[in-house]
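Peer 1: Given the sequences, and given the hints that come with them, work out the whole structure.
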Amino acid sequence: MALDSKSDGEKLNFKVIGTRPLRPDGIDKVTGRARFGADMSAPGMLVGLVLRSPHAHARIKSIDTSAAEALTGVHAVVTRADFGAVENEATADVLDNCMAGDKALYDGHAVAAVAATSGKIAKQALKLIEIDYEPLPHVTDVDAAMQPDAPSLHDGRANETVPEGMSPNVMARHEFGHGDIEAGLAQADRVLERTYRTEATHQGYIEPHACLASMGPDGQADLWCCTQGHYMVRNTCAEILGIEQGQLRVTASEIGGGFGGKTTVFLEPVALKLAQKSGRPVKMVMSRAEVLRATGPTASSSIDVRIGMTKDGRITAGFAELRYQGGAYPGSPVDMGSMSAFAPYDLENVKTVGWDVVTNRPKQAAYRAPGAPMAAFAVESAIDELAKGFGLDPLEVRLKNAAREGTRASYGPTYPAIGLEATLRKAKDHPHWSAPLGPNQGRGVACGFWFNFGGDTCVSLNITPDGTVTLSEGNPDIGGSRASMSMMAAEELGIPYDKVRTVIADTGSLGQNEVTDGSRVTFAVGLATIEAARAAKREMCKRAAMVWGIDEEAVVWEDGAAKPAGPNAGDHEPMSLAEIAAIASNTGGPIAGHFEVNAEGAGVSFATHMVDTEVDPDTGAVKILRYTVFQDAGKAVHPSYVEGQFQGGAVQGIGWALNEEYIYGEDGILQNPGFLDYRIPVASDLPMIDTVILEIPNPGHPYGVRGVGETSIVPPLAAVANAVSEAAGVRMTALPMSPPRVLAAIQSENG
Amino acid sequence: MVQVKVFGSLTSATDGRSEVNIDASTLRELLDGLAEQYPAIKPQLERGISVAIDGKVYNDSWFTPIHEDSEVVLLARLKGG
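Residue numbers (numbering that gives the first Met the number 0), protein chains in the order written: chain A, 0 to 750; chain B, 0 to 80.
Keep in mind that the hints were calculated from the coordinates and are not lab data. Every residue, glycine too, gets a C-beta built ideally from N, C-alpha and C. A hint or two may mislead.
Claimed, not checked - Sample of chain A residues at the chain B side, in silico, Cβ under 8 Å:
no., residue
1, Phe175
2, Tyr410
3, Glu599
Peer 2: Given below as structure tokens:
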């Protein structure tokens, strides 16, 4: 449904929107009352554990579970043989990732699971499962996997876009762009060609995956789990287990971070199968090592860029060939990387080619703006190098080439009004840009783009008899949606924020809701909340009209009360929401508002990041000195949460740029499956991340809201690389820029 | 008749054309028309596709209106995290 018609511009003087009320989940989280995935329990509950492959690639010749099944206290053992066939190819891959079929495809791939009365017995049982593996050659590097003679994971799965003769690990080819690259490059004063590499990084959520499954002999099942989308969990598990969606009720727990990594299932179908087989509830909780070995990191990448620029800073052509490995199954986000690589720029000649490649690594999962940060790292690094090579101001060069309203985007469509130029001008005028730098220090800037989307959304807003309001939404709150939904409902109803409580309903209580992803929730669920509140207001006006004996059209809603529309409607005292609620039983029954929509047409989003770094020339260690984010939020409903999204994206990007990486040994085994060796940034590594929120209203939302959750992770890889390159005096083209890598680059540059 | 821009890797399914004309006034008619005129495009349609109509991106809403002068651009199916 197109949403332009809902853009009413009525609310210009907000009373609640734009304020910073206390977050509704704050006390629960700091006191330990909040119930995360691992906090659920049920009478008679068993403990479920997974046996994982110790090989990077191996044929599973046989599995003998008899000794494990005979162990006292073991109630169920499952292998792939317990699951039926799944027709849909993408879902079949999800099942294969949850429980291996004929082959174990990566170190940590699930091959069997047990449910027992205690964790100790379950661990003992895992040791009793005998698996006869035939180890196979493996490949974990994207460029190696593309060689024609590389070990093959799957034969015959390349789609129709892949030319003949390529490695069977190449699953798909994507191409976007317009114009004539060679003609454009010929107009340039300099053509820069570089290859950039990024390593796989994990979303790094603090809460490991956890769930509790229960299934009765009548087939009715319940599942509690930490997820970004419990409707997705319901639908996927129902498809895998061959049960009806209506028979499976899924309740989302409080969630300790997701960042895209909890947009699929890993344990849930296994827990349900164990529960079905044992007849008892089964709880499963991953260890940190399991999270890192077997849940989706993002893709690693290898990207060739060719960009031509005139000496006055105009880009004449941009080309990128992107190679992403997405683990053992098709579906790396190289298509998104290919579409977004040059999206911030107005280019006459632009082309990207993306290759989706499989390797013996865990199946990648979405990670905030999936695919875009690596592409931006390559393109923004090249633009920076060209600009500095001509002695030009890198912000001015970006302004000279910035996409604006009317620009044909590199991925095809013509942009409506967009906010990139505004973020660049804010950055240029900011004191950070002109602050002095010391020795061994450098400053970097980079731009980023993300699409954003909406999707299926269903909310229900109920007026209680005492005049408070409960709002049920179907999206787990990972970024403050309970606060922002309560604020939008309060704004629309004209009541205080603390009179609205928003809850995350289970799958039995609302219609289908898309996953909490795509920066969609504040936009789409917010839109639905406003419309549900408007429906409730219409009903309350109708009830007041009944009491006053006038036409409902003669009643308006203002400042939290129904009022006569004008003198002709009669002289009636306003009736507040609470007064109307108190007599609801007398005027027709409970009052509620609902709204259901596929909220399409969400607007795109841009950001500019600026960072100062200091490099220790003796060790290669990098310190982040100062960081400022400039991003368009459309309208910041709760500015503290918006700032948090900006800061969180920047910090995750800093980790990706400086330290985080999946390190595989020659044997294809992950070497660093723990937070000691896989190092995410912590508070002591970072300065305060400053934020500048721009508010350019999104015409597709009643209050002008634009999604902000993902764009902020797109620029930091390049911004940090540009700053480190300046500080170190050598161009860094591979991430992470860990101390050994930076030191080696400095030493190589200095001969 | 609306003019539809086709991205590079999909042009092998449209006889090499980066722009095709489809008789459609809604998104559903557009998708049906593409599949009928260019059957080789069906695998991509089945995997999923997004369509930008006058600068806004749509995934599923069949009855989104498309006007003769609308800018219509096929995109890879959007993903998010």
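Peer 1: Does each hint hold? Answer for all of them.
Peer 2: These are the hints, each one checked on the structure:
1. Hint on Phe175/A holds. Least Cβ distance to chain B is approximately 5 Å, under the 8 Å limit.
2. Of the supplied interface hints, the one on Tyr410/A holds, with its beta-carbon coming within about 6 Å of a beta-carbon of chain B, less than 8 Å.
3. Of the supplied interface hints, the one on Glu599/A holds, with its beta-carbon coming within about 5 Å of a beta-carbon of chain B, less than 8 Å.
In summary, the structure agrees with every hint in the numbered list given earlier.
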